[in-house]
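Assemble the whole structure, with the sequences as input and the hints as a guide.
First to last, the protein sequences are chains A and B. Quick note on the numbering used here: the first sequence kicks off at 2 and runs consecutively. Quick note on the numbering used here: the second sequence kicks off at 2 and runs consecutively.
Honestly, the hints are just simulated from the structure, not real lab data. You may find that some hints are simply not true.
A pair holds if it fits inside one copy or across any two, identical chains being indistinguishable in the list.
[To be verified] Cut-off 25 Å, straight-line C-alpha distance, at most; resulting in silico cross-link-like pairs (SDA-like, lysine to any residue):
| id | residue 1 | residue 2 |
| --- | --- | --- |
| 1 | LYS609 | ARG635 |
| 2 | LYS668 | ILE563 |
| 3 | LYS609 | ILE563 |
| 4 | LYS23 | GLN650 |
If you're wondering where the values come from, they're calculated on a predicted model, not measured in any experiment.
What follows is the residue order along each chain.
2 protein chains.
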Amino acid sequence: MKWIKTTLVTVIFIKVFCLSAKADDGHQLWLKKQNPFPVNIICAKKSPVLDIAIKELKDGWNGTPDATVTLQLKPVKSIKDDGFLLENSRVSANSELGILYGVYELLRRQATGQTVNHILSNPSYRQRILNHWDNLNGTVERGYAGHSIFWRNEKDSLTITPGDKTLWNEYARANASIGINGTVLNNVNASPLILTAGYLKKVKIIADVLRPYGVKTYLSVNFSSPVKIGGLKTADPLDPDVKRWWKEKIQEIYKLIPDFGGFLVKANSEGQPGPQDFGRTHVDGANMMADALKPYHGIVMWRAFVYSPSDQDRVMQAYSEFLPFDGQFRENVIIQVKNGPLDFQPREPFSPLFGGMKKTAVMPELQITQEYLGRSIHLVYLSPMWEECLKSDTYQKGPGSTVAKYTDGSMQYQKYTAIAGVANIGLDTNWCGHHFAQSNWYAFGRLAWNNNRSSADIAEEWLKLTFHESKSEFINPVKSMMMNSREAAVNYMMPLGLHHIFAEGHHYGPSPWFSDQKLRADWTSVYYHKADAKGIGFNRSATGSNAVSQYHEPFSTQLNNIETCPEIYLLWFHHLPWDYKMKSGRILWDELCYHYNQGLNQVREFQKTWDLVQPYVDPQRFSEVQSKLRRQCRDAQLWKDACLLYFQQFSQRPIPFEIERPVHDLKYLINTPAADIRH
Amino acid sequence: MKWIKTTLVTVIFIKVFCLSAKADDGHQLWLKKQNPFPVNIICAKKSPVLDIAIKELKDGWNGTPDATVTLQLKPVKSIKDDGFLLENSRVSANSELGILYGVYELLRRQATGQTVNHILSNPSYRQRILNHWDNLNGTVERGYAGHSIFWRNEKDSLTITPGDKTLWNEYARANASIGINGTVLNNVNASPLILTAGYLKKVKIIADVLRPYGVKTYLSVNFSSPVKIGGLKTADPLDPDVKRWWKEKIQEIYKLIPDFGGFLVKANSEGQPGPQDFGRTHVDGANMMADALKPYHGIVMWRAFVYSPSDQDRVMQAYSEFLPFDGQFRENVIIQVKNGPLDFQPREPFSPLFGGMKKTAVMPELQITQEYLGRSIHLVYLSPMWEECLKSDTYQKGPGSTVAKYTDGSMQYQKYTAIAGVANIGLDTNWCGHHFAQSNWYAFGRLAWNNNRSSADIAEEWLKLTFHESKSEFINPVKSMMMNSREAAVNYMMPLGLHHIFAEGHHYGPSPWFSDQKLRADWTSVYYHKADAKGIGFNRSATGSNAVSQYHEPFSTQLNNIETCPEIYLLWFHHLPWDYKMKSGRILWDELCYHYNQGLNQVREFQKTWDLVQPYVDPQRFSEVQSKLRRQCRDAQLWKDACLLYFQQFSQRPIPFEIERPVHDLKYLINTPAADIRH
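In C-alpha cells, the structure reads:
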C-alpha cells in the first residue's frame with residue numbers, strides 16, 4: 002500500500018519536474034491578479050475610497066459574468082463602525098471604508114469558493130494597527146525582510162521616489178484587503194527627529210498615499226522630544242512649556258495630516274525616557290499627551306512593556322507598575338500590552354494585565370515579526386499562538402472572560418478598542434522574507450477584524466488566495482503543517498514552559514548556558530530556566546515569586562498547584578525535580594527530551610509535506626520554501642542538541658534511547674557563536 | 002516493554018554517570034597493564050627476543066598462579082616459519098620469534114577467556130609489513146593521527162631523543178604482539194635523501210630498537226636516487242654505473258643493518274621516476290634491484306599501482322601493464338597490488354592481477370589508514386573489507402582460488418609471501434587518532450598472520466583486550482557496530498558500486514560534481530559515476546571498457562551480465578537507467594536513495610549503541626568516541642544530501658517519501674568547500 006502511494010506520488014512528481022509552473026516571487030501576496038469576468042456596478046457616490054472598491058470589483062470579479070453589484074452606503078443598524086453586510090449582489094455599509102472592506106470580502110469569498118449570501122461582518126476592534134519598528138536610518142529592529150519600506154539611510158531618508166509611492170500604495174491595499182486600518186511608521190525606540198518638520202512632511206506624503214485605503218497614520222514618539230528637538234530644558238509632563246510644546250507639535254501634525262491617528266509611546270522602558278525621569282507617573286505622561294490629542298480625536302497607545310533591574314520577578318513588573326493607576330488614564334489612552342508578561346516568547350501564559358485593569362482601556366500587542374520564532378527562516382504560523390492568547394480566560398468577570406472579550410469592548414465599555422501587531426514587512430520582494438511569513442501578516446489582519454476566528458480557517462483562506470490552488474491534496478497537508486508549526490517551534494526551542502533561553506542579542510539560536518555577571522540577571526538565560534542538580538524551572542508559585550497571584554481565581558490556584566498547572570506552562574511557574582512524574586508517565590527529563598526530539602521530527606515532516614506538494618506550487622516559491630525548511634531542520638537539530646546536552650549536565654540522566662542522539666558537541670555549540678546564525 | 006527497558010538502562014546510566022571509571026588515553030592499545038599472577042618460566046636459552054618473551058609472561062600472566070611455563074625452542078615439523086605450538090604449560094617454536102609470538106598468543110587467550118590447549122599456529126604470510134607513508138619532514142601522507150613517529154621536520158629529522166626510542170619500542174612491541182614482522186619507514190613517494198648517510202644512520206638506530214621484537218626494517222626508495230644523490234647522469238637500470246651504485250648502496254645499508262628487509266618501490270606512477278623514463282621496463286628495474294639485494298636475502302616490493310593519462314579505463318591499466326611481464330621477475334621480487342584495481346575505495350572488486358599473474362609473486366597491499374573512509378573521524382572497522390577481498394574467488398585454478406590462497410603460497414609456490422598494510426600510526430597519544438582505528442592496525446596484523454580468520458572474532462578479541470571488558474552487554478553491541486561500520490560507510494558514501502566521487506585532494510567529503518577540464522579525466526568524479534539523464538554507472542562490460550574481461554570465468558561472465566552482476570558492484574561495471582529494476586523491486590534511483598539514507602541511519606544507531614555502553618567504558622575514551630560519532634553522523638548527512646541532490650538533477654525523480662529529506666542545499670554544498678572538512 003505504502004509502495005503504491007509512493008509510486009503514484011512519483012508519477013505526479015515527474016510530471017511536475019518536467020512542466021514546471023511559472024515562477025512567482027510572492028510580491029503580490031494574497032492578491033494575485035485574476036482574469037476577471039465582466040461585472041456591472043451601481044454606486045451612487047464617487048470618492049477615492051469608492052473608486053478603489055469599484056476598481057477592485059472590476060479587476061477581481063469571479064462571480065456570475067455580467068452580474069450587477071450594488072454598493073449601498075446607508076446606515077444599517079446591525080452594522081458597526083466600518084463593518085458591512087453582504088447580500089445577493091449587494092454590499093451595504095455605514096462608511097465608505099465599510100464598502101471597501103465588503104468588496105474585499107466578497108472577492109475573497111469568490112476566490113476561495115465560499116458562499117456570499119447574507120454575511121454581516123463587524124470588526125472586533127476599532128483600531129487594527131501595524132507597528133513598524135523601523136528606524137529612520139532604514140534599518141528595522143527585529144526586521145528580517147530587508148530594510149524599511151518607509152525610511153532609507155539617514156542621508157536621504159527624506160527622498161521620495163515614484164517607486165516608493167507605488168510600494169506604499171501596494172502596502173496600503175494589502176492592509177485594506179484584510180481590514181488593517183492603521184500603521185505606526187517608526188520604531189517604538191523612537192528618534193526625536195520624527196517630529197521635525199522634514200520628517201513630518203514625508204509622513205504627510207505617506208499618509209496621503211495610505212488614506213484612500215483607510216489606513217491611518219500614527220507615529221512613535223520619544224518622550225524627551227521637547228528637550229531633544231524643542232530646545233526646552235525639561236520634558237516634565239506637568240511643565241506648562243512642555244504641555245504647550247506638545248500641543249503645538251500636535252497642531253502642526255494635524256495641519257499636515259487631518260486624520261492623523263495618534264501616538265505610540267515606549268516610556269521608561271529599556272532605557273527610553275519617560276515621565277518617571279521627572280518624578281512623574283505613566284498617568285501624568287500619557288494623559289498630558291492625550292489631552293493635547295483629544296481635540297483631533299487622536300489617541301495615545303502607552304506601552305506597558307516595562308521592567309527595571311529590581312529584585313522582583315521580571316514577569317510581574319508591568320502588572321505591579323500599572324495596576325495602581327487603573328482608572329486614572331484618559332479615555333483616549335490605551336495601555337498596549339504584549340500578549341505575554343515577558344517578551345514574545347514561543348509560548349507564554351497571557352499577561353495578567355488582561356483582566357487585571359478594570360477601568361482602563363487595554364489593547365493587545367502581538368508580534369508578527371518572528372523575533373523569537375526563527376526570524377524569516379523558520380516556517381511558523383503564528384495565528385494559533387495569538388488565538389491561544391485571545392481565547393485564554395482571564396476570569397475577570399467569571400468564566401468566559403477571555404482576553405478577546407476583555408480587549409474588544411464586549412465585556413466592559415472602552416471608547417477606543419484596538420489591537421497592534423509588530424510588522425514583519427521590509428523591502429524584500431516578497432515583503433516578509435519567508436513566503437509563509439506573509440500568512441502571519443494576513444492572519445493578524447483577519448484576527449484583528451474578527452478575534453473569534455479559527456486559525457485553521459484563516460490558514461486555508463490564505464493558502465487558497467496566495468497559491469491559487471484549492472485542491473485538497475495541497476490545502477490539507479499544508480494547512481496541517483501551518484497549524485502544527487508553532488507547536489513544533491515550541492517543542493524544539495522551549496517546551497513545557499521554558500522561556501528566554503535564546504542567545505543574547507540576536508534571539509535566534511539556543512543559548513541556555515548564557516550567563517553574564519556584568520549584565521542584569523533577567524537578561525540571561527540561567528535566570529529563566531534555573532536548572533540545577535535538583536531540577537529545572539522558575540518557581541512562580543506562592544512559595545516562589547508568587548506571580549500566580551496576579552491572575553484571577555480559579556486560574557491562580559490552578560497555576561499554583563503543580564498537579565493542575567497545565568503542562569505547557571509547567572516550568573514557567575514551577576521548579577521541578579528531574580524525575581517529576583508527568584501525565585505521560587515519563588519523568589520530566591525524559592519528557593523534555595521527547596519534546597525536543599519531536600520538534601525536530603515535526604520539521605522533518607514539514608519538509609516531506611512540502612516536497613509532496615511540489616506539483617501544486619510554482620518553482621520559485623517551492624524551492625525558496627524548501628531551502629528554508631532545510632535550514633529550519635538544521636536549526637531544530639541545533640536547538641535539540643544544545644538544550645539537551647546543556648541540561649543533561651544537571652539532570653545527569655541519559656537521553657532516552659528511543660531518541661536519536663545529538664550530533665553536535667556541547668562545547669562546539671557554546672564556543673561557536675556563528676553556528677547558530679550560519680547560513 | 003520498551004519503557005521498562007529504558008528505565009533499566011537509565012538506572013545503569015545514572016550509576017555510571019556518578020562513579021565514572023579512570024580516564025584512559027588509549028596509548029596502551031590492546032596491551033593494557035595487568036596485575037599478573039606469579040609464574041615460573043623454564044627457558045634453556047637467553048637472548049634479547051627470549052628475554053622479552055619472559056618479561057611479557059611475567060608481566061601479563063593471568064593463568065593458574067605459580068604455574069610453570071616452558072619455552073621450548075626445538076624444531077617441530079608442523080611448525081612453519083615463526084609459527085608456534087601451545088600446549089599445557091608449554092610454548093614450542095622453531096625460532097625465538099616463534100616463542101615470542103606464542104607467548105603473546107598465550108597471554109591473549111588468557112586475557113580474552115579462550116582455552117589454550119594444543120594450539121598450532123603458523124603465519125599465512127612470511128612477511129607481514131606495515132607501510133608508513135611518512136615523509137622525512139615529519140608529515141604523513143594520508144596520515145590522520147599526527148606527525149610521523151620516525152621523522153621530524155626537515156631541520157632536525159635526524160635528532161633522536163630518549164622519548165623517540167621509548168615510542169619505537171612500544172611500537173615494536175605492539176607490532177610483535179600481533180605478528181607484524183616488518184615495517185617500511187618512509188613514504189612510497191620517496192625522498193632520495195633516505196639513502197644518504199645521515200638518514201641511514203638514523204634508520205640503523207631505529208632498526209636496533211625494533212630488532213628484538215622481530216620487526217625488520219625496510220625502506221621506500223626513489224628510482225632516480227643514483228642521479229639525485231649519487232651524482233650519476235642516469236638511473237637507467239641497465240647502466241653498469243647505476244647497477245654498481247645500487248650494489249654499493251645496498252652493501253652500505255647491510256653493513257649498518259645486517260637484517261635489513263629490502264626495498265619498496267613506487268616507480269612510473271603518479272609522477273614518480275622509474276625504469277620507463279629510460280626506455281626500460283618494470284622487469285628491468287625490479288630485477289636490477291633484486292639482484293643487488295639477493296646476496297643479503299633482501300626483497301623488492303614493486304608496486305603495481307600504475308596508471309597513465311591514456312584512454313584506457315584506469316582500472317584496467319595495472320593489469321595491462323604488468324601481465325605481459327608475468328614470469329620475468331626475479332624470485333625476490335614481489336609485485337605489491339592494492340586490494341582493488343582503483344585506489345582503496347570504500348568498496349571495490351578485487352584487482353584482476355590477483356589470479357592474473359601466474360608465474361610471479363604477488364602480495365596484497367591493504368590500506369589501514371582511512372584515506373577514503375573518513376580519516377580518523379569515522380568509526381569504520383576495515384577488517385570485513387579486507388576479508389571480503391581475501392575471500393574473493395579469482396577462479397584462477399577453478400572455484401576456491403581465493404585471493405588469500407593466491408597470495409599466501411598455498412595455491413602456487415612463492416619463495417617469498419607477503420602482505421602490506423599502509424599504517425594509520427602517528428604521534429597522537431592514542432597512536433591512530435580514533436580509538437577504534439586501533440582495531441584496524443590490530444586486525445591487519447591478525448589477518449596477516451591468519452588470512453582465514455573471521456573479522457568478527459578479531460573484533461571481539463580486540464574489544465576485550467582494549468577495553469578490558471568481556472561482558473556480553475558490552476561486547477555484543479559494540480562488535481555488531483564494528484561489523485556493520487564498513488557497510489554503513491559504503492551506504493552513506495558510495496553504495497551499489499559507485500566509486501571515487503570524493504572531493505579532490507582531501508578525499509574526505511563528497512564531491513560527485515567534481516570535474517575540471519584542466520585535470521586528467523580520471524582524477525575527476527564525473528569520470529567515474531557518468532551520471533546523465535539516462536542513468537548512472539561506468540560501463541565496464543563487453544559493450545564498454547570491457548574491464549570484466551580481465552577476470553577469469555565464470556566471474557567474468559557473471560560480472561558482464563547485468564542480471565548476475567552482484568548489486569554491490571553494479572555501477573562499477575554497468576551504466577544503468579534510473580528506473581532499472583533492482584532485486585528489491587525498487588528502481589535504481591529509489592534504491593540509491595535508500596542506501597544513502599540507510600547509511601545515515603546506521604550511524605545514528607552506532608551513536609545509540611555507544612551511548613548504551615557508557616557504563617562499560619572509561620570516560621575519556623567514551624566521550625572522545627561519542628564526539629567523533631556525532632561528527633560522523635553529520636558527515637553521513639552531508640554525503641547523503643550531496644549525492645542525492647546532485648544525482649537528482651539527472652534522475653529527475655523524487656526522493657522516496659518514506660525517506661527523510663536532505664537538510665542542506667546542493668548549492669551550499671558545492672560552494673562551501675569548508676563544509677565537508679569542518680570540525
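Q) Checking LYS609 and ARG635: alpha-carbon separation at most 25 Å within a copy, between copies, both or neither? A) both (15 Å within a copy, 20 Å between copies)
Q) Given a CA cutoff of 25 Å, do LYS609 and ILE563 count as a within-copy pair, a between-copy pair, both, or neither? A) neither (38 Å within a copy, 34 Å between copies)
(Q) Checking an output row: LYS23 and GLN650, CA cutoff 25 Å. Within, between, both or neither? (A) between (52 Å within a copy, 19 Å between copies)
Q: Classify it for me, LYS668 with ILE563: is the Cα-Cα distance of at most 25 Å met within a copy, between copies, both or neither?
A: For LYS668 and ILE563, neither the intra-copy (34 Å) nor the inter-copy (50 Å) Cα distance is at most 25 Å.
In this structure, the earlier hints numbered 2, 3 are contradicted, and the remaining ones agree with it.
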